[in-house]
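Asker: Sequence:
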Amino acid sequence: MDSFSRQGLVFDVTDSGPADGEVVVLLHGFPQNRHEWTGVTPQLTAAGCRVLAPDQRGYSPGARPAGRRAYVQSELVADVVALIDAAGVEKVHVVGHDWGALVAWALTSRHPERVRTLTAVSVPHPKAFAYAMPRGQALKSWYMAAFQLPAVPERFLPTPRGLALLGGKGLTTEQMKAYVEPLGRDGLTGALNWYRALPWSQREKGYARRSTVPTTYVWSDGDVALGRAGAEATERFVDAPYRFAVLPGLSHWIPDEAPDALAELILDRITAVAE
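Sequential numbering from 679 applies to the sequence shown in my numbering.
Calculated directly from the structure, the hints in this document are not laboratory data. Small disclaimer: the values here were computed from a predicted structure and weren't measured. Built from N, CA and C at the ideal position, the CB exists for glycine as well. Errors might be hidden in some of the hints.
Beta-carbon label-pair distances, calculated as ranges [what the hints assert, rightly or not]:
| hint | residue 1 | residue 2 | range |
| --- | --- | --- | --- |
| 1 | 740 | 816 | 33 to 41 Å |
| 2 | 817 | 697 | 45 to 53 Å |
| 3 | 724 | 745 | 28 to 36 Å |
| 4 | 720 | 744 | 15 to 23 Å |
| 5 | 743 | 826 | 15 to 23 Å |
| 6 | 814 | 720 | 30 to 38 Å |
In silico lysine-lysine, DSS-like type, Cα no more than 27 Å apart, as pairs [claimed, not checked]:
| hint | residue 1 | residue 2 |
| --- | --- | --- |
| 7 | 805 | 818 |
| 8 | 818 | 769 |
| 9 | 805 | 855 |
| 10 | 818 | 847 |
| 11 | 855 | 818 |
| 12 | 769 | 847 |
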């Protein structure tokens, strides 16, 4: 499978590994794409997993609807459910980084019957994130307000200064350019609309429910965008076996910086369920 569709939108997807393996869905973050999982996938397929890594809404050229409300949480989750259906399976192991983690949290809480395990990378449970806001997270999340501005982020982010700001200490300007440049103006607007739709997402029924599936949360202590308060609070919102894994010295871009360590944590979560 190299694509799947939903409501007239066509999503690109990389399908790797044995067709009869346990299915692992990898959800990328902003402003990346499915290729952020390039270093992680070989370890998962070598362990016998079938890995599905889609370019999500706004990122796939054939799935860039106009308007902020097309990017509310319920639509992002429904896209992943469509991918699971297209794969012909009932349940998957879901892994998400950055915004992909928020979609993974939401998929798990809204459709626990479709999820075997969850591995959330970098972004904590939404309620833990809210708990952390008055405890230092608000300062770290200043960019979320900046992204609400029309047109300005689209002009600034592709510039050398914008790319350097996005990459921070973890990714070089050239590495970030490789993610941002293929988006073009339309794709970058679609990616930013995830942030711009957040006020509507937060008002949707079922937003930020608790996780009831076996969960691993992976955080790096060098992440300038996500602090320790939300990371440590996440356990309170998981009603299932839970592991909090800290990767020291890494930035926000864990799949790029430490793919082997992340793959090992994902496989540990998967095999723990099988035992």
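Asker: Check each numbered hint from earlier against the structure, then list the numbers of those it violates in ascending order.
Answerer: Hint check: 3, 4, 8, 9 and 12 fail, others pass.
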